[in-house]
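Q: Residue strings, one per chain:
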Amino acid sequence: MRRIIFALGLIGVVLLLVLNILPEPSAERTPLEHLRAEYKVTHKPSVDHSKFDALEGPFASPQEVTKACISCHTERHKEVMQSSHWNWDRIEYIDGVGIRKVGKKNILNNFCIGISGNEQSCNRCHIGYGYHDDSFNFGNAYNVDCLACHDQSNLYMKAGAGMPDPSVDLASVAKEVGKPTRTNCGTCHFFGGGGNNVKHGDLDMAMFEPSRDLDVHMAVEGSNMQCVACHTAEQHQMLGKSYSVSSMNRDRVSCESCHGDLPHADKILNNHTLKVACQTCHIPTYAKENPTKLEWDWSTAGQLQDGKPFAIEDDSLGVDTYMSIKGSFVWGKNIEPEYAWFNGTASHYLIGDTFDAQDTLQINTLRGTYSDPDAKIIPVKVHRAKQIYDKKHDYLIQPKTVSTHPGDSAYWKEFDWDKACAAGMREVGLPYSGEYGFVNTEMYWPVNHMVAPANKSLTCAECHTRSDGRLAGLTDFYMPGRDRNAWVERAGVGLLVLTLLGVLAHGSARYIILRRRGGGAK
Amino acid sequence: MKREYVYQAFERFWHWAQAALITLLGVTGFEIHGSLKFFGFRQAVEIHNFAAITFLILISFAIFWHLTSGVWRQYVPTTGNVKAQIDYYITGIFRGAPHPTKKTVLSKLNPLQKLVYAGLKVLVIPIVVTSGLIYMFYRYPQQYEIISLNIKGLSVVAVIHTFGAFLLAAFFVMHVYLTTTGSTPTANLKAMVTGFEDLPDEDHETPHTARNERKPELVN
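Sequence order for the protein chains is A and B. Residues 1 to 522 in my numbering are what the first sequence lists, from first letter to last. Residues 1 to 220 in my numbering are what the second sequence lists, from first letter to last.
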């Protein structure tokens with residue numbers, strides 16, 4: 001009797017255990033239908049700016065437009081002037097370095113290197129008027145360019161140092177303003193690095209009017225979401241950041257803010273979300289429609305034909321693979337990202353940092369490991385370059401490339417590295433030794449856009465596979481289907497093979513002896 | 001020789017269900033491990049997880065049955081006759097010598113079987129099941145409701161689980177082969193299918209079976 005009670009108890013425990021672990025975890029899910037409905041609602045402006053007298057014009061300067069804006073929106077310029085869009089730097093804590101003010105203003109990259117001395121061209125994308133050198137007055141509210149982000153006429157265009165193109169009719173543009181669209185953001189952000197999709201790889205002019213396959217959220221025939229649907233702004237402080245210039249885990253846009261932590265109906269998929277970012281599976285390739293730059297070799301720049309710069313175009317992709325002013329490029333389209341652990345913090349090469357030129361220099365480093373509880377695997381575009389550095393001082397050089405007036409040593413005019421380096425380094429206030437070389441550098445660009453429709457996301461075996469899987473490079477954890485312990489594998493396979501051989505030998509011996517004995521009896 | 005009802009209905013059901021599940025778990029498991037391709041990774045994981053839960057339920061019923069019927073006593077290892085049984089497989093079987101252990105309804109297992117089956121039941125299967133459950137339900141040492149065990153990674157768990165799987169696979173091969181060593185090559189197989197087997201008369205009992213076996217409460 002006691003045994004039966006014991007057995008019943010045991011069974012009860014086992015059943016309870018099984019029943020307890022069988023049901024799906026009750027995940028708080030945001031159903032897609034809700035989201036679709038929410039983003040179907042189009043924004044209806046509460047005012048018609050064309051009816052305002054203040055915007056009648058004519059405007060003698062763009063600053064007058066801003067003045068007119070401020071006459072109603074009396075405090076907004078103050079918000080804008082707090083933003084990274086305006087300041088091009090902000091205070092960041094960089095692990096191992098400390099607190100620094102970093103941003104486009106002073107961070108070098110491995111594309112066109114940096115803005116110092118080149119403001120006239122680079123700063124056409126600054127949301128201000130006239131940032132043509134470091135004497136720009138960041139305290140002058142009338143220099144805030146409201147139109148760059150709020151123009152709805154599609155007639156606005158910025159030119160040198162961020163001034164409006166002379167062809168722009170300011171009065172007509174000023175009357176058509178509203179909530180920023182993909183066109184506003186894309187005009188700058190799709191063309192970073194000096195051309196369409198050059199820098200990011202996942203921000204491309206095809207996204208002005210994307211198809212569903214290109215980007216499931218922004219698809220014109222789908223939810224047609226605008227950039228600001230995710231990059232929301234509170235008092236002109238936009239969510240989202242680029243880790244080419246940011247270091248801290250803050251103000252990030254996350255898929256989870258809409259989709260939740262456990263967004264799948266399938267529990268096995270949800271099990272991944274703690275360590276694998278959504279983007280990893282849902283952005284199987286980037287640069288889907290137009291090529292992006294993968295490699296940039298500055299060391300080949302400067303070749304001239306008949307004393308003139310030239311370019312060589314790659315017919316298959318329709319992009320330049322060589323330019324006298326910039327060197328040679330490798331482009332790629334529909335690229336599988338590389339993958340990295342990322343905990344939301346990054347470190348940066350800061351101007352003046354020294355390095356060993358034998359090694360590849362990481363311009364920015366994404367931090368994180370498997371054991372870091374904040375880290376997830378993310379897809380990244382890695383941009384590899386050979387860029388100019390000072391061979392004596394062992395630091396990167398900020399060359400002057402953009403010419404504003406004759407004889408200003410700009411490389412793109414004079415093709416003399418020594419002069420360009422000396423001029424550029426003068427701008428940043430560091431000595432140039434007179435000896436330059438080229439060092440291999442890498443930049444890491446997290447891939448967040450070009451989210452594919454669900455049925456085009458990665459499948460299990462693209463990572464869970466013995467060799468050449470997507471995550472073959474991340475070896476600090478055990479992944480089923482990819483990893484095994486060499487000893488257990490050897491012992492196990494050995495045991496299995498010995499058993500099979502033993503059974504075969506034993507069986508055939510029995511068979512032969514039995515037949516012989518049977519034969520002998522006859 | 002006497003025709004006896006050796007394997008009861010539940011026992012046969014249990015045996016074959018277990019055989020099917022272990023085969024399925026083996027194939028899908030080694031597919032997840034990357035050793036073979038059959039169902040595709042995703043299907044393999046789904047089948048493996050489903051079969052694992054089914055196996056747990058079957059095990060709980062089997063434990064209940066073994067405890068209540070008293071049949072569990074048949075698995076208690078003995079030291080007697082182990083050597084004789086090994087000698088039989090090494091030499092006797094080739095000479096056509098008789099089995100050193102008489103199979104009876106109340107003592108179906110020879111000493112080697114007892115040893116191996118007991119090892120499976122108390123060691124290998126519990127280890128594979130436990131590591132499998134941890135494998136399935138462990139999460140990272142982290143937030144949300146999906147925390148359960150503070151395990152930093154799969155490496156140890158997975159390696160133990162894999163090693164157990166290799167042991168079971170080797171057992172599977174050996175077990176299938178040894179079914180052919182009955183009175184005829186298919187006698188054991190038939191017995192496990194029908195439940196009936198021709199057993200030697202119980203008149204001359206071996207010392208081993210003569211010991212006071214508790215009579216199982218047979219349930220038909």
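It is worth saying that the hints were derived from the structure and are not from the lab. Hints are not guaranteed to be accurate.
In silico lysine-lysine, BS3-like type, Cα no more than 25 angstroms apart, as pairs [claimed, not checked]:
#1 B:K152 <-> A:K275
#2 B:K190 <-> A:K376
#3 B:K121 <-> B:K37
#4 B:K108 <-> B:K83
#5 A:K308 <-> A:K456
#6 B:K37 <-> A:K267
#7 B:K108 <-> A:K267
Q: Look at each hint and say if it fits the structure.
A: Here is how each hint holds up against the structure:
Straight-line distance between C-alpha atoms of B:K152 and A:K275 comes to about 12 angstroms, which keeps the hinted pair within the 25 angstroms bound. Note on B:K190 and A:K376: the hinted pairing is violated, with a Cα-Cα distance of about 55 angstroms set against a maximum of 25 angstroms. For the hint linking B:K121 to B:K37, the alpha-carbon distance of about 29 angstroms lies beyond 25 angstroms, and the restraint is violated. For the hint pairing B:K108 with B:K83, the CA-to-CA distance comes to about 18 angstroms; that is within 25 angstroms, so the pair holds.
Proposed proximity of A:K308 and A:K456 is contradicted: the alpha carbons are some 47 angstroms apart, above 25 angstroms. Proposed proximity of B:K37 and A:K267 is supported: the alpha carbons are some 23 angstroms apart, at most 25 angstroms. Our distance criterion of 25 angstroms between C-alpha atoms is broken by B:K108 and A:K267, whose separation comes to about 44 angstroms.
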